[in-house]
Amino acid sequence: MRLGAAWYPEHWPEEHWTEDVRLMREAGMNVSRIAEFAWSTMEPAEGQFNLDWLERAVSLLADNGIATVLGTPTAAPPAWLTQAHPTTLAVDEYGRRAQHGNRCHYCVNSPIYLDFCRQIVEAMAIRFGQNPHIIGWQLDNEYNRVCYCEECRREFQQFLKKRFDTIENLNQHWSTAYWSEAYNDWRQIPIPIGYHNPGLMLEWRRFITESYRRYQHQQIAILRRYIKPEVWITHNFMGWFDLFDHYEMAADLDLAAWDNYIGTGQLDYTANGAVHDLTRGLKRQNFWLMETQPGHVNWSSINNDLNHGAVRAMAWHAIGHGAEAVLYWQWRSALGGQEQYHGTLIGPDGKPRLLYQEIHQIGPDLSQAGDALSGTSPKAEVAMLHSYPDRWSVMWQKHHRDFDYIQHFIHYYRPLAERNIPVDVISDHASLDDYKLVIAPCLLILDDKLVESLTQFVKGGGHLILTLRTGMKDEYNALLPSRQPGPLSRLAGCRVEEYYALEKEVPLFSIWRDVERGNCSIWAERLEVGDEGHALASYAKSNGWLDNKAAVTMRDERAGRAYYVGTWLDETMQRSFMEFASDEAGVKPVMDSSKGVEVCRRVAEDGRTVYILINHSREPAQLDLPFSATNLFTQKALETPLDLEPNGVAVIAPAASDN
Amino acid sequence: MRLGAAWYPEHWPEEHWTEDVRLMREAGMNVSRIAEFAWSTMEPAEGQFNLDWLERAVSLLADNGIATVLGTPTAAPPAWLTQAHPTTLAVDEYGRRAQHGNRCHYCVNSPIYLDFCRQIVEAMAIRFGQNPHIIGWQLDNEYNRVCYCEECRREFQQFLKKRFDTIENLNQHWSTAYWSEAYNDWRQIPIPIGYHNPGLMLEWRRFITESYRRYQHQQIAILRRYIKPEVWITHNFMGWFDLFDHYEMAADLDLAAWDNYIGTGQLDYTANGAVHDLTRGLKRQNFWLMETQPGHVNWSSINNDLNHGAVRAMAWHAIGHGAEAVLYWQWRSALGGQEQYHGTLIGPDGKPRLLYQEIHQIGPDLSQAGDALSGTSPKAEVAMLHSYPDRWSVMWQKHHRDFDYIQHFIHYYRPLAERNIPVDVISDHASLDDYKLVIAPCLLILDDKLVESLTQFVKGGGHLILTLRTGMKDEYNALLPSRQPGPLSRLAGCRVEEYYALEKEVPLFSIWRDVERGNCSIWAERLEVGDEGHALASYAKSNGWLDNKAAVTMRDERAGRAYYVGTWLDETMQRSFMEFASDEAGVKPVMDSSKGVEVCRRVAEDGRTVYILINHSREPAQLDLPFSATNLFTQKALETPLDLEPNGVAVIAPAASDN
Amino acid sequence: MRLGAAWYPEHWPEEHWTEDVRLMREAGMNVSRIAEFAWSTMEPAEGQFNLDWLERAVSLLADNGIATVLGTPTAAPPAWLTQAHPTTLAVDEYGRRAQHGNRCHYCVNSPIYLDFCRQIVEAMAIRFGQNPHIIGWQLDNEYNRVCYCEECRREFQQFLKKRFDTIENLNQHWSTAYWSEAYNDWRQIPIPIGYHNPGLMLEWRRFITESYRRYQHQQIAILRRYIKPEVWITHNFMGWFDLFDHYEMAADLDLAAWDNYIGTGQLDYTANGAVHDLTRGLKRQNFWLMETQPGHVNWSSINNDLNHGAVRAMAWHAIGHGAEAVLYWQWRSALGGQEQYHGTLIGPDGKPRLLYQEIHQIGPDLSQAGDALSGTSPKAEVAMLHSYPDRWSVMWQKHHRDFDYIQHFIHYYRPLAERNIPVDVISDHASLDDYKLVIAPCLLILDDKLVESLTQFVKGGGHLILTLRTGMKDEYNALLPSRQPGPLSRLAGCRVEEYYALEKEVPLFSIWRDVERGNCSIWAERLEVGDEGHALASYAKSNGWLDNKAAVTMRDERAGRAYYVGTWLDETMQRSFMEFASDEAGVKPVMDSSKGVEVCRRVAEDGRTVYILINHSREPAQLDLPFSATNLFTQKALETPLDLEPNGVAVIAPAASDN
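Protein chains in written order, with the numbering used here: chain A, 479 to 1137; chain B, 479 to 1137; chain C, 479 to 1137.
Next up, chain A with everything else stripped away, as it sits in the complex (with noise of 0.2 Å):
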């Protein structure tokens, strides 16, 4: 397990760097991120390379017992280089190139950028590849930008063609009759600016995937001629953020990585929970958070600071979802910049910061819990899966203005997590092996492969949940020729006959266990319950189409289930929901608690198994274990009932008899 912080050495007299490093070692720190944002420092005129303060800075954090996760510094091109193709600048909606002094600034697709990207990177893998002291490169930071100039353009019409191969095929899939929008010529073709055809925008997020993917693989590409097999190379991405679909980019990376911040606020687990499990979803595997609020942000519309014990909750959280490292950003301000205000360890003074007490106390407790969460992680038997086409096509057509892709898909993920029951976040496209209960949340664009794997899953005994919006899509965002769910209407036992959003709230009444009486809003459709299908809830009396009509239903084949859910549910109902169904599946609970209190496990190949505990609310808490159990962080017994203060942590293990 590591704990560290980003560090930028060029931003400091190099005399100050001694006192940096010994109170990162002081805290418990093992790791550091540098040089991310050093191209002017490590090329400060063209092909003029000067490393050796890099690698000064590398080896005084190994002298110090700290690795180091070295960044390629390609967010942010020096001035000369911009100043002398302006071309590597991107262009806005408005026809302007973004100015020096940002950062992603560049245009992606620039030749001109690609090939100074290559010398830059070329250069520190030459330098550094073999260097030891080097666990893992990231990659650039936090891919962002759209460039709307005329390269892109052109590049964009090649995609195109390459996709649909000829116009006549891009023409039907896009129904160009409409509106007279037919295509005679590639270039033809914009890039969309504000709402446009849907299957244009979503061919459009689909390149700008690809412009990543190539930009970033070229990097890849030449580290990898470098660095040594055991090194690893990540990115650090944004959570939610979905300019373009984090599978596609995670696929080429060894390992996934995220950025972690409240903003204003403070943490709510129960859906902040969901975007760490996103993050170790894109690889299925154990991630790291690679940046984390120390305290409080500088970007936010009110940047508080967040409670005494919260910061050190959440890197317990983090890790509890299957985080391998936490590093906060960042060590120290610099004294000038966009982010002067920003929450850090390391005062502008050089001393420690209000908060360097609270990370010191994590540096110990991870050191104790290491070897017993080494190779575990979070293990699930339940998976929600998630789709970048299907959030980007309900985003630009939500309907209803309050109708959002995320806030839909913490509605079901959160009723599970109050509960403690662990769950994977997955491609729609991922395997689904060995999980009881399937959630596929707005499963809007349906192809071949995936009615398939429902179908299996069901069919293999799997309990599926189908939502809202299912099954109204194909791959290019055109409709379907078929009423939803389309192909998962067999399976689903129903058939959407009418959809829209509702302008208020409409009553319905459920009978998944007593007859429950509650409300919906947002959407509803009205279903048509199929032969084998059943009504578990209906539409009480409102405007006339809905009365009585069903709202969410269930259909069995063979061992397996399928529900579909026709609207949004409110929070009472929509716990009773899932308790259901959670229930019906066979799925347990990592363990009860108390409102507010975190269970989380990670498990071993072997069996070995950690729990997470976290007092998340702001009361104390006791809980009952269910087992005799070994505290981590001081290798003895643990006495039950466990107490934990507001933001307490405990990390334990089951005693050896029970485990």
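Fair warning: there could be bad hints in the mix.
To be verified - Here are the simulated SDA-like cross-link-like pairs (lysine to any residue), alpha carbons at most 25 Å apart as the crow flies: (1) 640(C) with 561(A); (2) 982(C) with 743(A); (3) 829(A) with 651(C); (4) 1019(B) with 780(C); (5) 982(A) with 880(A); (6) 876(C) with 826(A); (7) 829(A) with 960(C); (8) 1019(C) with 741(A); (9) 1114(C) with 1104(C); (10) 982(A) with 1074(B); (11) 640(A) with 561(B); (12) 937(B) with 1037(B); (13) 1073(C) with 741(C).
Keep in mind the hints are simulated off the structure, nothing from the lab.
Start from chain A and add chains B and C according to the hints.
Coordinates of chains B and C only, in the frame set by chain A:
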């Protein structure tokens, strides 16, 4: 009477057509609008016209008893056209050319574009001009774009030259000594972006009107050379949309038509009726409802469905206000394109959606009542005057953020609608003959002709309601060198000493009947009552300036009367005032009804009368008919009282003895 | 004392002038500002000057006893100028040249524009320099535009070169190692658009200041060659407007002036007084109120009228704070142009509007009280320090969306204003001699001179209030390498351990008098109390970090004292604290009064004192005068208690025996 839908055969393989048309016929449809976005299908490459498919579609419709309205497709130029001639694309305020794949993205003044329009329209006219199944033509689709290109600017300068003759004259009318704006040269005059000289802004709107009128006129001239005299030409306007002066645009058309969409929420018939009446007033004759909402739309913030029965009720509401035809947009969704989620009658699977059954009910009813309705139209004793220059001027200089011309207009319309008093909404320059009561809300801009018309109306015994902001401006949007209501001051019996916005409600009391107390808001004028005038309402104590000063006045002239309402009364006082004023004018409701029940009346020249009764409320209603009547849907005698379910409709005629 | 209005004779035929000027005289006016937008009238074509009309206007005014303030017309270049030289037009962030027909749309750095300005100003100076009726000149009008053209960018780069000498120096002060921003070449430096490096942003504002100062200086230099020494030169600033550093701009002027508009709502005198005091502080002498609101404006969201009597009260409020003149904008509306609906004294019909009578009352009063007021000015024992760099820095990095420098400033000003304690608002670098209490709200940026000035002030026995965010930055907007308040830490008796925004209210308790409980919000600093410091208020239990930690501290040094307020107290606690702090400093209110009644005092060098008493409340008020006094309007003795109606004003002097 016509019932139909917009149909896009070009979106579908020809083998689907037969079933589509069969379902139309089965729903009782007898008209279809087609082709208005089919340019790229009709002319897939420059000069290569392909109209055979369209003729087959027209024939297929005809074979099923369905007439065709043909749309000219100029709202959406093909990609080959704009690619070869980029200047045909409109330029926005940021100097960007519009993108392909949208609609109405042409520059309305582009000579090249006009030339291409000429060619396609002529090709269609030659092919279909004598086709017996075409009953009318729709030009383009929902004109709505403003272009800021240099070509438009030059045309605008030429337009100004024609209008003002000399630059000195323009300088004088626009008061250009102000802010040193004076022009020496027509070429100095800009297209206004954002708020600018009100004189310039008004002429810019007049120029947009002129541009579209010229654009439209080209198509009319071509068509008229080829089509039969009884075939009409129209355009589908957009209700309150105000980019150009619709009276000018409608003058060249044979028929007015509009597209009526609710968007979010449910029908407010007391406001929606005003838009029907507005459209009817464009040519002072019955109109077509060219597009309306089949359930829900896809472009609003919440795309909810209309309640069960409301779509049918809306059709009869339109007919009650003078619609001769009701067409739904659209028949069946294209699988792709920006409007995938819009409501339709037929699903993407080619099968009826739920709403189809509701529409299905309209056809037979219409066919039963058709003979009785034939030749009838609404007749009103009340006219409300409407003016685009007034609206524009108020919109640009609201003075209070909540001052909205349309809301103010409806504030006067609604109390009449609630009482089933029919209203003609007409141009402020239209003839006022035969009206008992004329309301001129916000008659900002006066000219001699208008003053004379109103004066003669009152002298002839009419009752006239003038309201706040009347008579402030001349036709160049310059202040009149007098106090409001300027040349109407004597007629109105008052003079505005001061006006301004109200930051909060102000109390006032009225004496039109008993003393009533209420409030006003948004706008206040302090009225000096003239020699022959009387105060009907006065402000109570508030800011010191208004205390006890007149807010509403009245003056009788011979048998006629003029009111002046200097503020925005609250709903209750407004209802009371409008009841007083309409009673005094001798205006009679069509019929009494309970709240939410609308009664419309259509009358033929020979006196034949049809009543359309609609229960827009959510509760069952009962009406005592004042005469014995025939139910035109069943042709049977009606029993009184008549029961109407929510969204229930009855169309009745007085039994022969009462008619 | 002067009373007058802005008059635009060029808007009207010359035959209207006589009546206009007669009405001015009748209202007791003795000054008029003219010509400041009349360039196109004065120079209708390049080099053709026409100033005869202007001279006739000046003479007509003079014949009626009305002096003239002449405006240079450079805020609105003629169309022939910008047409021939488009580079004289400012460029916006989107690269668009400004349009003609607006104001302040020039590029302030355009050499061509500067040359044309030189010509028109010189022509005016030659003609009017010795005219005995001109008492002052106003340069341009409300400088306010930023230009993003390449010329400005080059000038900015030159400015930076002069300021930093070497690019290495700039790189160091801006910490450009951060995000690889380092510059090799001055030409790489952009004009910042949106949020950018805080160092760059600060210099950009300094450059704007420098640009306007050079622009302004050209006009001053020309005028001074031709005008009489006693004739002053001013510019009409806009209160809190902060595009440039007003202290820099005012340094070159003889007189400060500003334009005071309420917009929506009514006067808040406890906030408005601060802006008068700010303007008085620009040159630390009395100022002109060059424009103020005659009833209502036309550009706010709700353009309501000021209550009856409030306009008069505002005039005296201004005088009470040091105005030497009150001018209304404007005398009479132009019939056209963007401000048609703005309040005026004369209607478009040339006749007085209602407000004219209220103004009419001011003239005689002013003339009665004039002798007593002559040579007097407000004198304060309290100074509040104000700084543009601090404001800019806070505005760009608010950290909490509701953090507003001005609101924070007024939070300290209001409790003093409510108690009739006069305040000087002065530059943070001004001399602090003679003050008992100095408040330095948000003194973010420190330099040695400022630290020395504050230290000496306290050592000399002064009381100093420092507040949150003090001492974070150096003059380059870089963080100081120390904890807040940095070099003021010893003086303040505390050190900021941590700071951040508060997402909700936090409880705290104070002990400055009895224990009081209250809340704070928006911002919290946790203070470590120094050896000689004392905690005056502490946070109660909240987020764990702040619990029981100091929020407000105090430290005595010899006879002096420094407070440090580390949070934003609620209104009640703030009032209590400010009462405590001002009492402790020995500061005395001018007079006690009931809520809403303002008492201002103006004192002459010889001790002559005038009191201005204004009832800003909506209720009658009564004052017990602590001395026997003369009513300066009537020159009669006043009886005590003195009754003041709402918006009532009394201007009094102590009777000879009391003075």
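Going through the hints against the structure:
{"no.": "1", "hint": "640(C) with 561(A)", "result": "holds, 22 Å"}
{"no.": "2", "hint": "982(C) with 743(A)", "result": "holds, 9 Å"}
{"no.": "3", "hint": "829(A) with 651(C)", "result": "holds, 21 Å"}
{"no.": "4", "hint": "1019(B) with 780(C)", "result": "holds, 20 Å"}
{"no.": "5", "hint": "982(A) with 880(A)", "result": "holds, 12 Å"}
{"no.": "6", "hint": "876(C) with 826(A)", "result": "holds, 19 Å"}
{"no.": "7", "hint": "829(A) with 960(C)", "result": "holds, 9 Å"}
{"no.": "8", "hint": "1019(C) with 741(A)", "result": "holds, 23 Å"}
{"no.": "9", "hint": "1114(C) with 1104(C)", "result": "holds, 17 Å"}
{"no.": "10", "hint": "982(A) with 1074(B)", "result": "holds, 21 Å"}
{"no.": "11", "hint": "640(A) with 561(B)", "result": "holds, 22 Å"}
{"no.": "12", "hint": "937(B) with 1037(B)", "result": "holds, 7 Å"}
{"no.": "13", "hint": "1073(C) with 741(C)", "result": "holds, 24 Å"}
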